[in-house]
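J.: Below, each chain spelled out in residue letters.
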Amino acid sequence: MKNRFFFILFALIFIIPSCEEDFMDIKNPNAFDATTFYVDATNCERSVDAIYTVMLHKGLFSRDWYFNFDLLGNEAGPLAPLQGPIAELPRSVYDATNDPLSAMWDRLYRMILRANYSIEVVSKWVPDKDADKALQGRYIGEAKFFLGFAYYHLASLWGSVPLRKNFTETAANPNCVRSSAQDVFAFAEKNLIEAAAALPDRYADKDNGRATKWAAKAFLGKLYIMQGNWTSGLPVFKDIVDNGGFELEAGVKGFENEFLAVNRTSKETIFDCKFAWYGWGNGNMYHMFDGTELWGGKGATSGRAMEYGFMDWGNVNITSSAVKKFKYNINSTTGYIDPRAGYTFYGDGGYGGDMNCLRGPYPFDTPVTDAFGTISPAGWRWKKYQQYEYQFSENEPKNGKDGGPASEISTVITRLADVKLLYAECQIQTGDLSGALTQINEVRTRVGAVGYASLGDKTQGMSILRHERELELCGEQQRWFDLLRWDRNGKIFDMAQILNSERESQGTTGGFTEKNLLLPIPQAEKDINKLCEVPNGWN
Amino acid sequence: MKLAILLVFLTVLSASASVYSQNIKIDLTVEKNTIREVFKIIESKSEFRFFYSDDFRDLDREVTFTAKGENIDEILSTILTESLVNYKILENNIIVITPFNSEQDSKVTGIVRDAKTGEPLAGVNVVIEGTTTGTLTNITGQYSLEGVKSGSVLVFSFIGYLPQKEVAGSRIVIDVSLAEESQILDEVVVIGYGTVKKRDLTGSVASIQTKDLANSVVANVGQMIQGKAAGVEISSTSGGTPGAGMDIKIRGTTTLNGTGPLTIIDGMPGDIDMVTPSEIESIDILKDASSAAIYGSRGANGVIIITTKKGKIGAPKVTYDSYYGISTPGKKLKVLNASDYIDLLFNIQGGTYDKASGHWTNPGGLPVIFNDEAHVRTDSVNMQDEIFRRATVNSQNLNVSGGTDIAKYRFSASYFDQGSTRGNYNYTRYNFKSSIEFKIGKHLVIGNNTMFRSTKTSGRDADIGGALRWAPYQPVFSKTSTNPGNYSFITNAGNLNDAINPMTPLAYNKDNGYDNKLLMQLYAEVSIIEGLKFHSQFQYEYDSYRYLNYQEKDYINNTQNANYLDEGYSVGMWPKFENYLTFSKAIGVHSFTLMGGISYEKDSNGRSISVKGTGYGGVSIPIKKVTLGGNPATVNGSGVWMSPTMSYFGRLNYSLMDRYLLTANFRADASYKFAPANRWGYFPSISAAWKIKEEAFLRDVNFISTLKLRASWGKAGNDQINEYAYVSNVYTGGYSGGENLIVYPFGIDNALLSTAYGATVNTLPSTKIRWEETTTRGLGIDAGFVNDKLNLTFDYYNKITNGILVPVPVPLSTGINNPAIKNAASVSNKGIDMQISYRGSLATGFEYSASLVAGYNKNNVESLGEGQPIYANSNGEVGFINRTEAGKPIGYYYGYKTDGILFTQVEADAYNAKYGTSSSAGDYKFLDVNGDSKISDADRTNLGNAMPSWTYGMNLYFSYKGFDLQLTGSGVFGCELVNYNRAYWLEGGVRPFNGSTTLLNRWRYDGDTEAQLPGVAKTDPNKNTRFSNRYIEDASYTRLKTITLGYTFNKKVLGNVFQSLRIYTTLENALLITKYTGYDPEVGGGTVGRGIDYQGIPMPKNYLFGVQLTF
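Sequences listed follow chains A and B, in order. Heads up: the first sequence begins at 1137 in my numbering, then just goes up one per residue. Heads up: the second sequence begins at 38 in my numbering, then just goes up one per residue.
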C-alpha cells in the first residue's frame, strides 16, 4: 500500500506546480510595443520619417504620379508598350477600378494615417530638455504639413472625401462618411497654417528634404487658389517670393540642373521627393511596383527614367500638343522658339528640341543596337528628368546601363518658378498686371527667353500665364491642377475643350467629359467603406 | 486545483470491493426443458456463455423449476444437483460444464495459426485460465503444455489478435486459429488520453486500420486518408509536387482561420508528416466536438490521431518493402501556335482583320521584330514541352520488430525519393523510428518512441505561367542572346511580351532545402491500484531547417541582376508534458471510467535568420560563404516565436448494462494569443449511445448483427490567428517586423548613411479578441448485418462556429493596409457522413470487399458581425473575386454575369441605349442583375463557390489465389473553381501574351456571330476582363487514385527463408474524370480566398513496381 501512496504523491508533484500560468504572458519578440517605444527624440522622429517614406510608394512619386498627371494633362502620350490601366488615362476611359488612380488615393491616406499617428505619439512624449521640446514642436509641424499636403490633393482631385482628423478616431471608426470638399480644404488650411508656424525656414544639411515653413506656405497658397481665392493666395505667394530665400538657379544650365541628380541641393526647390539608390545589397530597383518597405527593401528610386526613356521601356512620348507650344509669337516676333525646348524634349521638327545626346545626333544617324535589338527613336521624346546625356559620363556611372530604373533625380514637387507664376496669376486675378509681368519675365529671362513687353488685358494676361506655365512646368505634373483650377473657378479656360481639341489634333479621341473634372472614388473604398456613398457610381 | 479534488475523489472510490457479474439476479421459468435448452435460455438472458461437450447425454435430461431473482450459482446448483456433470464459473462469464471424475492432468499440444493466412504464429501466450501456468508458441507456432486438467480452459492471446479460449476437455491436441482484431466492432478506437472499443463509442470517429492500408502505396498520411473517411475532404495543396502537404478539412470549413485539424501522434500533438505511412498502425479521426472537445483548444477542426506500429511479442521479424516507378506529366493545355499568336498580337495592337486570309494585319508602330512576319509566324517552341519531364519515384522501407513479455521493440528505416514532373525539383526523405517498451514488475510500463525525419528538396518547379504566355516564335536558345547560356528572352519593349524564359531559372538557380526533425517521446504508465492508472508522457520535438539558394548567373531579360547566395536557418523546439489519471470501475450493471489530467508546453520556441550575399563576380558559387560576395551580405529577415500552452482536461465514460453509454468531456485551455482577461476558454461536451441490438426485442433478429444510435453535443475552440494581435505593435517595414525597411534619403548626398529610418503603425490592435467556439450537435447510427459483413454508418451533424476571428478589412481611406482582427463572424456547417462497406467471400477462395464513403456538407455564413463583406483576391486586372457575407458560403465568387457577345455595332448601340454603357461590337453584354437599367458594381452576384457539396471515396478489393486487386478513388461534387489562368493570362486579350486556343473563337469583325469570346484590344473600356462567370468552371471530379495488382507467393514456393513475399504494381492517378479545363481541379488551400486556380499543377501519373518481403 505504501507504494501506491507514493505513486499518487508522484502524480500530484507533477501536476500541481504547473498551475502557475505566468509563463503565458509573453511579449512580442518581433516588434516593439508602441506604448513604450516613442519616448525619446530619436524614436519620435521615426514616426515623422515614416510619413516622408510614403512619398516613395507606388501611387506617389516613385511611380504613378508622373504617369497619372502627365497623361491626364496631355503632356505625355501613350506609346505601344503602355498597357493596362495606365493606358486608360490618356483616353479618359478609366473608372473606379483604375489601379494607378486608386493607388494614389490609398497612399495619400497612408500619409494622413502616419501623420495623425505621429501627432498622437509625439504629443504624448514628455521631453525634459528644451532642445527636445523644440524638436517636438517641429515634428508635429512636419506631420501637420503632410495632413495639409494630402488633404489639399485629395480635395482637389476627388472633391468630397472622408476626413480623418486624428488617429484615435480612425482606429475607432474605420468606416467614414465623405465630408464636403470645403470642409476638407478648411482642415488642410488649418494644418498648413499651423505647420508654417511650427517649421523652420531651413534645415541643416543632414535634414535637407524636410518640409519647411515655405513648403507649407506654397501649398497653403495653392489651396487658396484651387478654391478661386486668389486674394488670399496673393500675400502667401508674395511672402515666399520676397522672404523665402529661394533663387532661380542661373541660366539655362540652372534650369537644366533642376531635372538632373544635382537637383538634390537646388536653391530653387521649395519641396521635393528625394531619391537614392543604395545598391542591390540593400534594396530592389523595382520597389516602385509596390515593394517599398516590403520586398523592395530599402528602395528609394524613381521609375520615371526607365519608364519614359526612349532607350528603355519607352512607355510614353511627349505629345505634339506640348511640343508645339515651344514655338510661338511673342511681342512682334513670330515663330519664336523657346530655349527651354532643348531641355524638355528630344527631336526637333522645327520646335527646338535637342538633337544631340551622347549616342550621337537624334535620331541617330546610325541605328543604335541596344539590349532589345534595334530601336530607331522617332518623333519627340522626353528629355526633362531623363539622364541619357549624363548616364554615360563619368558623373553618372552608377548603373552602367541605359536608363536603369534607379533614377536618383529628385522629383520637384514645387519650386520657385512655379510659385512665381502662381504669384503672377494672383496678381492678374486681382488686377496687378504689371506686377505679374515682372514675375513672368523673371522666369523667362532666367533661361534667356525674350521677355514680354506687356501682358495686355486680364484675359490676355491669363493666356500668357497659362502658356508660360505650359512651357516652364512641362512634364512636372502641374497642368492637370492648373486646368482644374481654371475650369472650376469661373471657367477661365474650358478644360474639356482644351484637352479634347488637343487630343483630336494628335489623332486620338478626347473623351473628356464633365465627370472627369473629378477622379472616380476608388472601387475598393466603396466596397469596404459602407458609409462612403457615391450615388452616381463615379464621384 | 480542480484536479486535486478529482484525485481525492478517485482515491475514495477505489476503496470499494470487487464485484463480478455472478451476482446478477436472473428470473427463470423452465417447464420440461432439457438442460441444454436451459443453458440457451440463460445465455439469451445474460452475458453467460456455456462450454460443454455435445457427448454429455446427461444434458438432454428434462427439468422443470422456477427461479426468481436468483444468481447463476444458485440456479445451476439447482438444476445440476442430480446430474453427472460438474460446473465451473470462470471470469468473463464463461461457464464450463465438465463430467465428474475426469480431473486428471494431461499434456496438451497444438499449433496456433493466423485464421486468415494459415501462417503459424510465434510467441502466442498460452495460459491455463486462473493459473500462472503457461507457455509461448515457438517459431513454427507449436506449443506444448503439461498439467492441464480436463475441463480447464486454455487462453490463447497475442497482440493484434482476438484472444481465444478453448476448453481442454479430454482433448490432448488443440489447434487454434486466431483471428486478427478485425471484427470491426471489437476494434479499439483511440479517442485521446485513452481508448474505447468501437462498439462503445458515443461520438463520431472515423477509424482507419492498418489492414485497410497495407496494400496501398502512398507518399504521405494525407493520401492515406483521402477517400477513406466520410466527411473528410482532402486535397493536394500543390498538385503533384513531391513532398507537398495535403489540405485537410473535416466536415466543412469551420472557421476562417486555420482550418486544418489537430494531429496527435502516439498521444501528443505533432507534425502529420512526421510519420512515414508504412509505420502507421491506425488513424482515428475525431469528427465531432463531443469527441474532439477533449482537445478543446485546437479540436474545433477535428482531430487526427495517429498510432504508430509497435513491437509485438514474438521472434524478430524483418520486413522489407520497396517500390520504384516512373512519374509522367499529367495534362498539358492547348496554346496558340506562332501564327495564331501573331494574329492575336496584331489584333490587340489594333491591326485589322482580313477575312480573305483569316489573318490580322500589322498595325504599324510595333517593335521591329514584327516586320518580319514569316519569322515570327513560325513555331519554335511550346514551352510546356520544355518544362515538363519524366521523373522517378523510389521508396524503400525496412523494419525489424519483436519482443518478449517484458520488452517489445520495433526499429524502422525508410527512404523516399521523388522527382517533380515539372522543372528539376526533387524531394528526398529519410525516416528512422524506434519504439521500445518495457514492463517493469506488475505496476509499471515505460516506453520510448523516437522518430527522426530528414528531407532534402532541390531544384525548382518551372514557372508554368511564363511557359504558357511565352511567345512561341522564340526558341529556348538564341545565338544572339546576351543572356548567359544563350537562353533567349523576350521583353515588353522588343516583343510586347515580358514572359521570363522558364528554362533559365532551372539552369542558373539552385535551390536547396534541408529539414531535420526529431520527435522523442518518453512515457510511463503506473497501475496504482486495481483500475487506477497514472500516465505520464513527455515529448520533445526539435526541428532544424535550412535552405541554401543561389543564382549562378543573372538571367532576367535585359536587366542586370547580381548573382547571389541566399541562406537561412531556423530552429524550433516543442517540449510538451502531459499527465493524467484514469480510473475504471464496474459496480453491478454500472461501469465507468474517469480520466483527468493536465498538459502544458512551457518553453516552445524557435528562431530564424536568413542572410544574402550578392555580387560574386564570375565565380562558381556553390561552396562559397555568403560573405564572399562583392557587396556586404545582408540579413534578409529574422524571427522569433514562442507558443506556450496550458490545459486541464477530464472525461467520464459511463455504461449502464453495457447498453446505454454516456461520455462527457471537459477541457480548459489558455492561449497566449489573447489578452489575460480573455485567455481561458472552456470546452464541455456530452454524448450518449444506445446499443439497440442488445435489447431483448432485437437479440434474436439474426440478420441484424449491430445496431447503435448515437447523439452528441459539444464545444471546441480555435485560436489559430496571428499572435500579438492584441498588442499595439510598432511597424518598421517588412512582412513581419524584420529589418527596418522604412527609409527616406534625407540629406545633401544620397548615401545610405544619411537615410532616416521610420517607425509607424500598420495595424490596429485588437484588444478584445477571444476564443472562437464551435458547437456541434450530432446524431448517428451504426448498423451491421449478416455477421457484420455489411456495415453502415450514418451521421448527421450541425456545427456552428461563433466568434470567428476575422480580419475585418478597413477602408483604403484609413490608410491602414492590414485589416483589424475581430470575433466578428459565425459560420454553420450542416451535413451528413455515411459509410457503407461489404466484405464477402466465395467458397472458391475468392474474397472481395467494397466500401463507399461520402459526406455532404452545406456551409453558410450565419452572421458577419459588422455586416461588412470580406473581399479576397483583389487583383488589378480583374477586381475582387471572393466575397464572404452573411447568408452565403464562405468566400463565394462574387462577380458579373455575362449575357453573350455584342456581335454587331447595331447590337452594341441598342445595348448602350438601354443601359447607358459605352460598349462596342465584340464586347461582352453584362447582365443587369438588379434590374436598374445600369451596368454597375451592384450587378455583381453569387457565381458559385469552391466548397464541394459532396466529397466521396471508394475502395474495392478482390483477392483470389494469391492475387489481389485494389482500386481506390475519390472525388468531389458540387463546387466551382475560378480558372484564373484564363482570366488575364490565357484569355485576357489585353496584353499580347500567348493564350489558349479558345481565343481562336474570339470576335473578329462586325457581324462575327460565330464568336464565343469577346474581341481583344489593349484597352478594355468595356472591362471584358472584369471578374465574371466567364472564368468559372464546374470543378467536380472523380479520380481513380490507384489501381494495384499484387501477387502473394505461396508459402511452399518460398521455403524456409521467407515468411511471405508479395509483388505488386500500382498505377497512381490513373484516371481523372472532370469537365474542368485547367490543369487539375484539385486545388487546395485557402478559406476566404479559396478556389482560385492560378497555375494549378497537373498531377503526375505514376507507374510503380513493388515488393513486400518478410523474413
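Derived from the structure by calculation, the hints contain no laboratory data. Be careful, since some hints might not be right.
Claimed, not checked - Among the chain B residues that face chain A by a calculated CB cut under 7 Å, a handful are:
#1 Thr-118
#2 Ala-599
#3 Gly-605
#4 Tyr-761
Unchecked claim - FRET-style restraints, in silico, Cβ to Cβ:
#5 B:Lys-392 to A:Glu-1650: 39 to 49 Å
#6 A:Val-1388 to B:Tyr-1042: 28 to 38 Å
#7 B:Asn-855 to A:Ser-1368: 31 to 41 Å
C-beta: ideal position from N, C-alpha, C; glycine also.
J.: All hints are to be evaluated individually against the structure, with a verdict given for each.
T.: Cross-check of the supplied hints:
no. : hint                                 : verdict
1   : Thr-118                              : 43 Å, violated
2   : Ala-599                              : 5 Å, holds
3   : Gly-605                              : 15 Å, violated
4   : Tyr-761                              : 4 Å, holds
5   : B:Lys-392 to A:Glu-1650: 39 to 49 Å  : 40 Å, holds
6   : A:Val-1388 to B:Tyr-1042: 28 to 38 Å : 53 Å, violated
7   : B:Asn-855 to A:Ser-1368: 31 to 41 Å  : 40 Å, holds
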